[in-house]
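> This is what each chain is made of:
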Amino acid sequence: MALYPMEEYDVAVIGAGHAGIEAAMAAARLGCKTVLFTLTLDGIANMPCNPSIGGTAKGHLVREIDALGGQMGVAADATFLQSRMLNRGKGPAVHSLRVQSDRAQYHLYMKKLLEHQAGLDLKQAEIVDILRTDGRVSAVVTRLGGVYPVKAAILCCGTYLEGKIHVGEVSYSGGPDAVRPAIGLSESLRQMGLPLRRFKTGTPARVHRDSIDFDKLERQQGDTIICPFSFSTTKPLVNRVDCYIAYTNEETHRVIRENLHRSPLYSGRIEGVGPRYCPSIEDKVVRFADKKRHQLFIEPMGLDTEEYYLQGMSSSLPEDVQIRFLRTIKGLERVRLMRTAYAIEYDCIDPLALTPALECKAVAGLFGAGQFNGTSGYEEAAAQGLMAGINAARKVQGKKPVVLSRSDGYIGTLIDDLVTKGCRDPYRMMTSRSEYRLLLRQDNADERLMPIGHEIGLVSDETLHRMEEKYRLVAAEEKRLQKLTISPDPALNRLLEERGSAPLTQAVRAAELIRRPQIGYRDLLPYDENRPDLPAEVAEQVEIRIRYAGYIARQLRQVEQMKRLEGKKIPPNFDYHAVTGLRLEAIEKLSAVRPEHIGQAAGISGVSPADISVLLVALQEGNQ
Amino acid sequence: MWTTDTIAALATPAAAGGIAVIRISGADALPIAERVFSKPLSNQQGYTAVYGRMAAQGKTLDDGVALVFRAPHSYTGEDTVELSCHGGVYLANRILRALYAAGARPAAAGEFTRRAYQNGKLTLTQAEAVAQLIAADGEQAVLAARAGLDGALARRLDNEKETLLQILARLSAWADYPDEDLEPVEWETLCAELSALAESLGALLRGYDSGRLVREGIAAAIVGKPNVGKSTLMNLLAGCDKSIVTAQPGTTRDVVEETVRLGKAVLHLSDTAGLRETADPVEREGVSRARRRMEEATLLIAVFDRSEPLTAEDISLLESLRGRAAIAVLNKGDLPAAVEEGQLRPYTGYTVTLSAKEGEGLSALIEAVEELSKLNRFDPSAALLSNARQYHAACRAAEAVGEGLSALRSGFTLDAVTVSLTDALAALLELSGESVTEAVVDEVFSRFCVGK
Chain A
1 MALYPMEEYD VAVIGAGHAG IEAAMAAARL GCKTVLFTLT LDGIANMPCN
51 PSIGGTAKGH LVREIDALGG QMGVAADATF LQSRMLNRGK GPAVHSLRVQ
101 SDRAQYHLYM KKLLEHQAGL DLKQAEIVDI LRTDGRVSAV VTRLGGVYPV
151 KAAILCCGTY LEGKIHVGEV SYSGGPDAVR PAIGLSESLR QMGLPLRRFK
201 TGTPARVHRD SIDFDKLERQ QGDTIICPFS FSTTKPLVNR VDCYIAYTNE
251 ETHRVIRENL HRSPLYSGRI EGVGPRYCPS IEDKVVRFAD KKRHQLFIEP
301 MGLDTEEYYL QGMSSSLPED VQIRFLRTIK GLERVRLMRT AYAIEYDCID
351 PLALTPALEC KAVAGLFGAG QFNGTSGYEE AAAQGLMAGI NAARKVQGKK
401 PVVLSRSDGY IGTLIDDLVT KGCRDPYRMM TSRSEYRLLL RQDNADERLM
451 PIGHEIGLVS DETLHRMEEK YRLVAAEEKR LQKLTISPDP ALNRLLEERG
501 SAPLTQAVRA AELIRRPQIG YRDLLPYDEN RPDLPAEVAE QVEIRIRYAG
551 YIARQLRQVE QMKRLEGKKI PPNFDYHAVT GLRLEAIEKL SAVRPEHIGQ
601 AAGISGVSPA DISVLLVALQ EGNQ
Chain B
625 MWTTDTIAAL ATPAAAGGIA VIRISGADAL PIAERVFSKP LSNQQGYTAV
675 YGRMAAQGKT LDDGVALVFR APHSYTGEDT VELSCHGGVY LANRILRALY
725 AAGARPAAAG EFTRRAYQNG KLTLTQAEAV AQLIAADGEQ AVLAARAGLD
775 GALARRLDNE KETLLQILAR LSAWADYPDE DLEPVEWETL CAELSALAES
825 LGALLRGYDS GRLVREGIAA AIVGKPNVGK STLMNLLAGC DKSIVTAQPG
875 TTRDVVEETV RLGKAVLHLS DTAGLRETAD PVEREGVSRA RRRMEEATLL
925 IAVFDRSEPL TAEDISLLES LRGRAAIAVL NKGDLPAAVE EGQLRPYTGY
975 TVTLSAKEGE GLSALIEAVE ELSKLNRFDP SAALLSNARQ YHAACRAAEA
1025 VGEGLSALRS GFTLDAVTVS LTDALAALLE LSGESVTEAV VDEVFSRFCV
1075 GK
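Residue numbers (my numbering), protein chains in the order written: chain A, 1 to 624; chain B, 625 to 1076.
Incorrect hints may have been included.
With a Cα cut of at most 27 angstroms, we get these calculated DSSO-like pairs of lysine-lysine [claimed, not checked]:
(1) Lys400/A with Lys421/A
(2) Lys981/B with Lys421/A
(3) Lys981/B with Lys888/B
(4) Lys33/A with Lys399/A
(5) Lys563/A with Lys663/B
(6) Lys235/A with Lys111/A
(7) Lys361/A with Lys421/A
(8) Lys90/A with Lys361/A
(9) Lys785/B with Lys90/A
(10) Lys568/A with Lys361/A
(11) Lys399/A with Lys90/A
(12) Lys888/B with Lys421/A
Simulated coverage check for chain B against chain A, where a stretch passes if three residues somewhere in it have a Cβ under 8 angstroms from a Cβ of chain A [to be verified]:
(13) 801 to 813
(14) 914 to 922
(15) 1030 to 1039
Hints listed in this document are in silico derivations from the structure and should not be mistaken for laboratory results. No residue lacks a Cβ here, since even glycine has one placed at the ideal position from N, Cα and C.
Pulled out of the complex, with its shape left as it was, chain A reads as follows (with noise of 0.2 angstroms):
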């Protein structure tokens, strides 16, 4: 093949999916030349999967993205069809945000945006080769045979790296919707040494409006308050649809059951790992064989189409077996398919080949995210493609990366997860993956990781202003409410004995009626003459705040003892294989990972606590 030298960019990002989108915003914004390579236009921040952002966890993630100043927050807001705050009543720490939105509305928002990004290039080409001078990255190379010199790459590559598509017992080589698959990247990376290795995922049918019986179904209304996902979002937002749900019954599962044979999963042919946490039905119809029925919901894809998702049904079952098990279902009697579902395999990176800045150890410049790192979902995705994007733009302008600790947030978490435990099926974010859970609430995210997001350069002075100001009302209401006393009276034990609380016998501080479950801040307003007209965010963390205190103050102590341990640095280079008290596994594991500190050696599975005790004594013996 000819190849032909083109512009010169600082960074090459591989992929416009939602890692790719955050990445190239993020280098550009900070002030990189940048190109973001797709192999379509009309792939924009594609929805392949559920037209849906958010979610227990991924919630979060979206919510810290938007304070660090990404974009996901932002679009989600302006393209939602629909909006509910799941766990609304199990406490603030599993509060999750979660939108249905406008699939291609979300496309066409994003593909606007990074048209209008100063100092960002939009190309449509296909990366088949990445080249290095000196163990370093200085070039990606188009099917076209264009090779442009670039600083640092950032490898976004979704499900589409040499993606093969199983229905039945049909198989080919392609990306999800239709898209050309990526052919020769892989091998490129191989040449280098990455460490690749195949997973799976899967997506259910799309069926359209017309051949549902919505009357048969449960309705699902969104909220009547609705959130915002990003701090800058201030206009008041509507739910423009209703989802619903269905329920697979015993004669789906016969169906099921009966044609398991011609599953690509349970012949053998796919070699893939799938998602633990997101499991075919074919999956959960034989891993919980008991389970009488499956819970699915039938959502829009948009505003402009008559295309339902079902979400719960992913299935790589033939399609006619598809169409046999849907119409078993109540609601889905003479349902019609618009498109199949199907399962994928791709090739992703073991992410423990990678630092906790996300670029390749064997690779300096080459960066990950995104289902590339072994991570499932589009937050998730978005989540290290902004990590990614601000680390590779430091690497380029000589600056120290920016890595989140697991107490900073559910994006600490997540990137240190990856490489340090590394994962062995899609990775997927959820509240129990974080020790912190009531620190890192969905709620301040803003006051977490704005300041960072400022430092970094993606936050303006304006909404980092904005944002003190906010929890200036909240410390000044909070040290109102500590002070302020209120007396017993009638109307107030009245409610309190209505709520199962004890009534007043004696005057108390406002803060400590608070500190009931049972009471919030709105009720004391009657017995609060001077209370202050402040926004809604300000009074949910006024009350959050007073009545989770010892809780947040027990994971503080948590944290405190966690940077301890990640105080106790490793040296870069430290020589495991020296160590000779310490197993051969865990030798192996610590060689691999290479942690920063003990507390990241302490997270890596295969590692003992007597390996850590022995490995203490060397660092200390080391120091002496």
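Place chain B on chain A using the hints.
The following block gives chain B in isolation, referenced to the frame of chain A:
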């Protein structure tokens, strides 16, 4: 750089005894031992013994047995040789010096056990039990330490951890999958589970106190007015004349201390000055020290003269026994009685009549001590917390479970409950040594004596 070089040390107490055992452990244990021992050991299989002579610089020092252990089947998990020689500090030290000259280095405190822990031969709680075994005094203490070594505590902790993990897993599913039709987390079930867990941890903590009495002995003070026979009793218990006994009241002016074994109990006894008002400044200091000691003691042995009616001073002493762990002893049981045990009962449940001078009635005192310290009901094979580190970690776990339970009962959301339970699990993992903080490792291994 820390390496597993070969270490050697005396594994038996550094005192005169029948047999002394020297342990050599590490990659070169066999070749190094060979340089001191007259027979080849390098080809010896594990678990075999060789009889031979031990020599230094060509000079035979002793004859004895070399026991060979092959990695990983040894205490430390490394190649190990144990040389049994004839007892005696001098001889053992000569052999040790020869081993050091042959390439071994002296083991640091607790180093054998540390290697055993690091090679996965012992859990952390087992490692601590070894330290305790070495330091154990009484028979009960040895049994309790043995139970720790066999992992009674580790097994008990496994159960608690499993319970917590299951609860936390349910709470996680509940939080992370709001839209799935999972079984709801039932408030009552959760309350019941947490109560049971709190109760179990509470029992473990309560066991610590009797466990500690076994391990550390009981601080006991012998008190009473002058000349009721306190020092005679002390001497009887100590088995020798430790306190000066005269007919002169006020002879014991300072606190005399002795550690004695009394049945199953180990008592750290203090014989104190007789309690009375006195003008003598030296005696007055003695009396005030006696009162201090009385305050500090876990067990009071209050002595009264059975042959004389109770005085105002006696009554005042009896008053101060109320609510304390105290035994009222009517001494001089060999003389005609002027006081009956019944007169003492209103003040303390434990009364004993004896004659310290004649050595009669001691078994009644032993019984009372055991009963009072609950040592007769102490089960040395049960899971026991054996040191302050374990106790504090268990305390933190119990406290966190308690906090979670009260949050649940007062209507807090489950995310708050989860915070407490995660903390409880962390404390239990730290207790069992599965989650390591540097403090844990430091503390555990700084307390081992050389040898084991």
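> None of the hints should be skipped; say for each whether it holds.
Tested hints:
no., hint, in the structure
1, Lys400/A with Lys421/A, "holds, 23 angstroms"
2, Lys981/B with Lys421/A, "violated, 72 angstroms"
3, Lys981/B with Lys888/B, "holds, 23 angstroms"
4, Lys33/A with Lys399/A, "holds, 16 angstroms"
5, Lys563/A with Lys663/B, "violated, 54 angstroms"
6, Lys235/A with Lys111/A, "holds, 22 angstroms"
7, Lys361/A with Lys421/A, "holds, 16 angstroms"
8, Lys90/A with Lys361/A, "violated, 41 angstroms"
9, Lys785/B with Lys90/A, "holds, 25 angstroms"
10, Lys568/A with Lys361/A, "holds, 22 angstroms"
11, Lys399/A with Lys90/A, "violated, 42 angstroms"
12, Lys888/B with Lys421/A, "violated, 51 angstroms"
13, 801 to 813, "holds (count 5)"
14, 914 to 922, "violated (count 0)"
15, 1030 to 1039, "holds (count 7)"
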